[in-house]
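Trainee: Sequence:
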Amino acid sequence: MLQSAVILLARRWTTRVDEVLAEGGLNAGQLAVLNLLAQRPSGLIQREAADALALSEAVMSTRVTSLLAAGLVERQPLKGDRRAHLLRLTDSGREAADVWSACASCVQYSVESSVSLQDLSTALAVLSRMNAALGAHDCSVATDADPAPQPRGCTRMPGPVSTLGA
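If you're matching positions, the sequence shown starts at 1 in UniProt numbering and goes up one per residue.
There may be inaccurate statements among the hints.
Unchecked claim - Pairwise CB distance ranges (calculated):
no. : residue 1 : residue 2 : range
1   : L124      : Q76       : 34 to 42 angstroms
2   : L2        : R83       : 39 to 47 angstroms
3   : A38       : H85       : 16 to 24 angstroms
4   : L124      : S42       : 24 to 32 angstroms
5   : W13       : A133      : 17 to 25 angstroms
I should point out that these hints are in silico values taken from the structure, not numbers from a laboratory. All C-beta atoms in this analysis are idealised placements derived from N, C-alpha and C, irrespective of residue type, glycine included.
All chains, please: the whole structure from these sequences, using the hints.
Mentor: If you want it as structure tokens, here you go:
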């Protein structure tokens with residue numbers, strides 16, 4: 001139930017931000033990359049940027065490719081590593097990050113102002129703890145020799161979907 005609520009909120013929030021950003025030819029994912037690079041003026045390797053945003057390198061590559069084509073990001077060879085490139089904002093990218101972040105902030109303000117400051121503070125604290133818990137636990141399938149702790153109410157974790165009903 002909580003998982004569904006969080007997923008729905010994230011999708012609706014992202015959809016609303018995407019609607020606002022569409023006028024500038026951007027989406028929320030691209031703006032996240034611009035904002036990250038704005039915080040790191042010296043640049044980031046694409047893999048580092050993907051890690052910072054908890055994205056696969058494939059998703060990051062798609063985002064970077066579109067930002068390169070729009071002239072908002074540039075790639076520079078990384079000294080000492082022929083395979084890696086440093087990502088940096090162009091002047092246009094810096095301006096786009098500033099302008100469109102302000103527009104996206106209107107969505108955030110609208111959502112956040114719908115609840116009390118106390119409720120917002122509690123929600124942020126709870127979500128932070130849950131996020132930390134997700135980072136701290138490995139939910140991979142355990143072997144009999146190394147059983148993983150089971151969720152409450154679950155006597156045995158199911159195997160892969162392909163084995164269900166077999």
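Trainee: Is the gap between the beta carbons of W13 and A133 within 17 to 25 angstroms?
Mentor: 22 angstroms, holds
Trainee: Do the beta carbons of L2 and R83 sit within 39 to 47 angstroms of each other?
Mentor: 42 angstroms, holds
Trainee: For L124 and Q76, compare the CB-CB distance with the range 34 to 42 angstroms and indicate the outcome.
Mentor: Since the Cβ atoms of L124 and Q76 sit about 37 angstroms apart, the hinted range of 34 to 42 angstroms holds.
Trainee: Using the C-beta atoms of L124 and S42, is the stated range 24 to 32 angstroms upheld?
Mentor: Check passed, 30 angstroms falls within 24 to 32 angstroms.
Trainee: A range of 16 to 24 angstroms was offered for this pair. Does it hold for the Cβ distance of A38 and H85?
Mentor: 18 angstroms Cβ-Cβ, so the 16 to 24 angstroms window holds.
Violation of the numbered hints given earlier is absent; every hint is satisfied by the structure.
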